[in-house]
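*Asks:* Here's the letter readout for the chains.
Protein chains: 2
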Amino acid sequence: MRLPVPLPKSYRLLNHGPTVLVSSAHGDRRNVMAAAWSMPLDFDPPKIAVVIDKQTLTRELVDASGEFVLNVPTRALAKATVQVGSNSGRDGDKFAEYGLATFAGSKVAAPLLEGCVGWLECRVIQEPHNQSRYDLFIGEVVAAWAEAEAFKDGHWQPEADLRSIHYIAGGAFFETGKGFQVDAE
Amino acid sequence: MRLPVPLPKSYRLLNHGPTVLVSSAHGDRRNVMAAAWSMPLDFDPPKIAVVIDKQTLTRELVDASGEFVLNVPTRALAKATVQVGSNSGRDGDKFAEYGLATFAGSKVAAPLLEGCVGWLECRVIQEPHNQSRYDLFIGEVVAAWAEAEAFKDGHWQPEADLRSIHYIAGGAFFETGKGFQVDAE
Numbered sequence: 001m002r003l004p005v006p007l008p009k010s011y012r013l014l015n016h017g018p019t020v021l022v023s024s025a026h027g028d029r030r031n032v033m034a035a036a037w038s039m040p041l042d043f044d045p046p047k048i049a050v051v052i053d054k055q056t057l058t059r060e061l062v063d064a065s066g067e068f069v070l071n072v073p074t075r076a077l078a079k080a081t082v083q084v085g086s087n088s089g090r091d092g093d094k095f096a097e098y099g100l101a102t103f104a105g106s107k108v109a110a111p112l113l114e115g116c117v118g119w120l121e122c123r124v125i126q127e128p129h130n131q132s133r134y135d136l137f138i139g140e141v142v143a144a145w146a147e148a149e150a151f152k153d154g155h156w157q158p159e160a161d162l163r164s165i166h167y168i169a170g171g172a173f174f175e176t177g178k179g180f181q182v183d184a185e
Numbered sequence: 001m002r003l004p005v006p007l008p009k010s011y012r013l014l015n016h017g018p019t020v021l022v023s024s025a026h027g028d029r030r031n032v033m034a035a036a037w038s039m040p041l042d043f044d045p046p047k048i049a050v051v052i053d054k055q056t057l058t059r060e061l062v063d064a065s066g067e068f069v070l071n072v073p074t075r076a077l078a079k080a081t082v083q084v085g086s087n088s089g090r091d092g093d094k095f096a097e098y099g100l101a102t103f104a105g106s107k108v109a110a111p112l113l114e115g116c117v118g119w120l121e122c123r124v125i126q127e128p129h130n131q132s133r134y135d136l137f138i139g140e141v142v143a144a145w146a147e148a149e150a151f152k153d154g155h156w157q158p159e160a161d162l163r164s165i166h167y168i169a170g171g172a173f174f175e176t177g178k179g180f181q182v183d184a185e
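So the sequence lines, in the order shown, correspond to chains A and B.
Residue numbering for the first sequence is 1 to 185, as defined by the working numbering.
Residue numbering for the second sequence is 1 to 185, as defined by the working numbering.
If you are wondering where the hints come from, they were derived from the structure by calculation, not from laboratory data.
Where hints are given, some of them may not hold.
Each pair may be met inside one copy or between any two copies, as identical chains are not told apart.
[Claimed, not checked] Here are the simulated DSS-like cross-link-like pairs (lysine-lysine), alpha carbons at most 30 Å apart as the crow flies:
| hint | residue 1 | residue 2 |
| --- | --- | --- |
| 1 | K9 | K178 |
| 2 | K107 | K9 |
| 3 | K54 | K178 |
| 4 | K178 | K107 |
| 5 | K107 | K47 |
| 6 | K107 | K152 |
| 7 | K178 | K152 |
| 8 | K79 | K152 |
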């Protein structure tokens, strides 16, 4: 069951460093790519940072629309994550090619990917110098969602079978492992 | 055994999203804090991004020195990670208080923390607008090191007992889990 995540808790979907899929749309074009380089940037209003290379179709669609979605995939989508990270949407629709189903978000036109455990709908905060020099985009999170089995009441469920994934390189990932609690007293 | 990491591979120390400890020094002052919000930003020359709050002593030392180190801790340092993330170095030397041993880096004066599995020595690329508006720092990685048991020849060792950690919130972490390989063909 997919539930909304209160915006001030939405940073937690990224806080542990998962690899994400960046989806985008403009007019009748849409795309999805993989990004290991994203992070939270602020709590409230929530902001995130993500690197979107100049040469990608995603960049073109994000520049045109001012919007994107960060989708947090699970291991079932690991192969698709590598595939959409290795191929360009300019060569054909990646959703069709890799069998990726989508659903509509609430605040942005970019599609949300089925089978993920978290979704952050984002609007670009225009910072042309960062975008041009570093391919660095800052987004305000305007809506967030999570699969309740994996994340609910503002918390990842440490024993859930549905887990995010963490990209290393060359098709290699780490799974998110066991949760543990530290008493800092 | 600690080995140098070739700079173009150093992004891999952060690519999977571990929580890091940010160490800093200026004159005879030094500090360490925790940061869940960091990411690679470029391959070669390698750059990283990290959020350093304005109110921290770390910020003062980084602003004064133009340098910092990102240390990648293991579970053995999880309690210390929460402690140095919850207390200010203005109230006393956190290295002494939490029993954190250090060693010297090769390019920066900030201390490197014993017991970590990766170290990124960084020099700030001055971006005053990002620093002021978003607490966002961009650093060039000028030297990198890894514990060979955990990371060698440019690769994390997926079966190593020494693993990085991923902060959730409220003293809760995920361990880095099992490594797995995807064939994207």
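*Asks:* Each hint: holds or not?
*Replies:* We went through each hint and held it up to the structure:
1. For a Cα distance limit of 30 Å, the shortest separation of K9 from K178 qualifies both inside one copy, at 21 Å, and across copies, at 27 Å.
2. Taking CA atoms no more than 30 Å apart as the test, K107 paired with K9 passes inside one copy only; the shortest distance there is 18 Å, against 38 Å between copies.
3. With identical chains, the CA atoms of K54 and K178 are never at most 30 Å apart, being 36 Å at best within one copy and 33 Å at best between copies.
4. Taking the shortest alpha-carbon separations for K178 and K107, neither the intra-copy value of 33 Å nor the inter-copy value of 36 Å comes in at or below 30 Å.
5. Proximity of K107 and K47 under a CA criterion of 30 Å is satisfied intra-copy only: 15 Å inside one chain copy versus 33 Å between copies.
6. Only within a single protomer do K107 and K152 lie at most 30 Å apart by alpha-carbon distance; the minimum there is 21 Å, versus 44 Å between protomers.
7. For the identical chains of this complex, K178 and K152 are neighbours both inside a copy (17 Å) and across copies (24 Å), given an alpha-carbon limit of 30 Å.
8. Both within a single protomer and between protomers do K79 and K152 lie at most 30 Å apart by alpha-carbon distance, with minima of 26 Å and 25 Å respectively.
The earlier numbered hints that this structure contradicts are 3 and 4.
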